[in-house]
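Model the full structure from these sequences, guided by the hints.
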Amino acid sequence: MKVHDLQRQVVQQGLAPLYLIIGEEPYFRDHALDVLRLVNRDKESGEVSDGSTSSEASDMFQFDVVYGDETDASEILGLAEEVSFFSPRRRLLVKWADKLSARHGELLIPYFKKPNDATTLVFAAAKLDGRTKWVQALKKQAVVVDCAPLPENQRGGWITQQARPMGLQLEGQALEMLKDQAAEGMYAVLRELEKLAAYMPEGQRVKVQDVELVRGKPPGISIF
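With the first letter of the sequence shown counted as 1, position 152 gets the number 626 in the numbering used here; the numbers rise by one all the way through.
In case anyone wonders, no lab produced these hints; they're calculated from the structure.
Each hint should be verified, as a subset may be incorrect.
Claimed, not checked - No farther apart than 30 angstroms at their CA atoms in a straight line, the calculated lysine-lysine pairs in the BS3-like style are these:
1. 601 with 613
2. 653 with 476
3. 614 with 573
4. 601 with 587
5. 573 with 607
6. 601 with 588
7. 476 with 573
8. 587 with 476
9. 669 with 476
10. 587 with 607
11. 613 with 587
12. 614 with 588
13. 587 with 614
14. 653 with 669
15. 587 with 573
16. 613 with 588
17. 601 with 476
18. 588 with 476
19. 614 with 476
20. 601 with 573
21. 613 with 573
22. 601 with 614
What follows is the structure in structure tokens.
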């Protein structure tokens with residue numbers, strides 16, 4: 475499922491015991507973690523924030539966090555089976571899951587088949603080796619959230635949607651320039667939109683020269 479489907483699924487069904495957040499777009503991975511992290515702790519099936527940014531500090535506050543290159547199966551299993559004294563459900567995040575060794579990954583397969591219902595265990599990575607047994611088992615048992623980069627034909631709509639609440643109206647060439655930047659990731663585009671929002675007079679449409687200027691290029695130099 476996509477990130478917007480995840481929010482609907484959590485609202486309707488509550489948190490699942492096992493998630494895989496995978497894909498090369500960090501913005502979408504962070505947004506998926508926000509959805510899982512910001513579920514109302516008293517009524518998990520009801521209130522979900524639609525916040526779109528994330529920070530390491532907030533991750534650490536809401537999740538128990540371990541890292542694939544520093545943890546092992548015994549630590550993950552121990553935390554996943556441990557009772558939480560601070561909320562009805564423990565949240566455990568395995569970041570950089572691609573760095574977890576295949577040997578330790580395979581030791582987790584029995585847990586994948588019968589996870590602790592009082593824990594939400596989340597694996598997050600840009601990529602995983604789908605040839606390994608543990609990744610195959612994880613994908614079969616988990617709710618998989620696809621965080622791939624936006625296709626080129628969807629970038630314009632996404633940028634326009636993000637620009638609107640900032641009070642920005644983008645002219646065609648300005649939008650095209652930002653669409654090109656989206657190839658570097660959504661966070662790169664958001665940074666440019668935030669600079670434009672601080673720079674542009676209220677009510678004035680954003681031209682390509684404005685995008686160039688906030689990038690630090692002299693106005694009037696066009697890439698087209």
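Evaluation of the provided hints:
Distance restraint check for residue 601 and residue 613: the Cα-Cα separation of roughly 12 angstroms lies within the 30 angstroms cut-off, and the hinted pair is therefore satisfied. For the proposed pair residue 653 and residue 476, the alpha carbon gap of about 20 angstroms is at most 30 angstroms, so the pair holds. For a cut-off of 30 angstroms, the pair hint linking residue 614 to residue 573 stands: about 20 angstroms separates their Cα positions. Restraint check for residue 601 and residue 587: the C-alpha separation of about 22 angstroms stays at or below 30 angstroms, so the hint holds.
Straight-line distance between C-alpha atoms of residue 573 and residue 607 comes to about 15 angstroms, which keeps the hinted pair within the 30 angstroms bound. Under the criterion of a C-alpha separation no larger than 30 angstroms, the hint pairing residue 601 with residue 588 is consistent with the structure, at around 24 angstroms. For the hint pairing residue 476 with residue 573, the CA-to-CA distance comes to about 24 angstroms; that is within 30 angstroms, so the pair holds. Under the criterion of a C-alpha separation no larger than 30 angstroms, the hint pairing residue 587 with residue 476 is consistent with the structure, at around 23 angstroms.
Distance hint between residue 669 and residue 476 is fulfilled; the C-alpha atoms sit about 28 angstroms from each other, no more than 30 angstroms. A hinted pair counts as satisfied when its Cα atoms are at most 30 angstroms apart, and residue 587 with residue 607 qualifies at roughly 13 angstroms. Proposed proximity of residue 613 and residue 587 is supported: the alpha carbons are some 11 angstroms apart, at most 30 angstroms. With a C-alpha separation of about 12 angstroms, the suggested pairing of residue 614 with residue 588 holds against the 30 angstroms cut-off.
For the given pair, residue 587 sits about 9 angstroms from residue 614 by alpha-carbon distance, which is consistent with the 30 angstroms threshold. Taking the CA atoms of residue 653 and residue 669, the gap is near 16 angstroms; set against the 30 angstroms cutoff, the hint holds. Proximity of residue 587 to residue 573 is assessed by CA-CA distance (about 22 angstroms); at most 30 angstroms being required, the pair is judged to hold. Taking the CA atoms of residue 613 and residue 588, the gap is about 14 angstroms. The hint holds against a cut of 30 angstroms.
The straight-line distance between the Cα atoms of residue 601 and residue 476 is roughly 16 angstroms, inside the 30 angstroms bound, and the hint therefore holds. Simply put, residue 588 and residue 476 have alpha-carbon atoms about 25 angstroms apart, close enough for the 30 angstroms limit, and the pair holds. With a C-alpha separation of about 17 angstroms, the suggested pair residue 614 and residue 476 falls inside the 30 angstroms cut-off, and the hint holds. In summary, the hint linking residue 601 to residue 573 is supported, as the alpha carbons are separated by about 10 angstroms, within the 30 angstroms threshold.
For a cut-off of 30 angstroms, the pair hint linking residue 613 to residue 573 stands: about 17 angstroms separates their Cα positions. A C-alpha spacing of about 16 angstroms is found between residue 601 and residue 614, which places the hinted pair at or below 30 angstroms, so the restraint holds.
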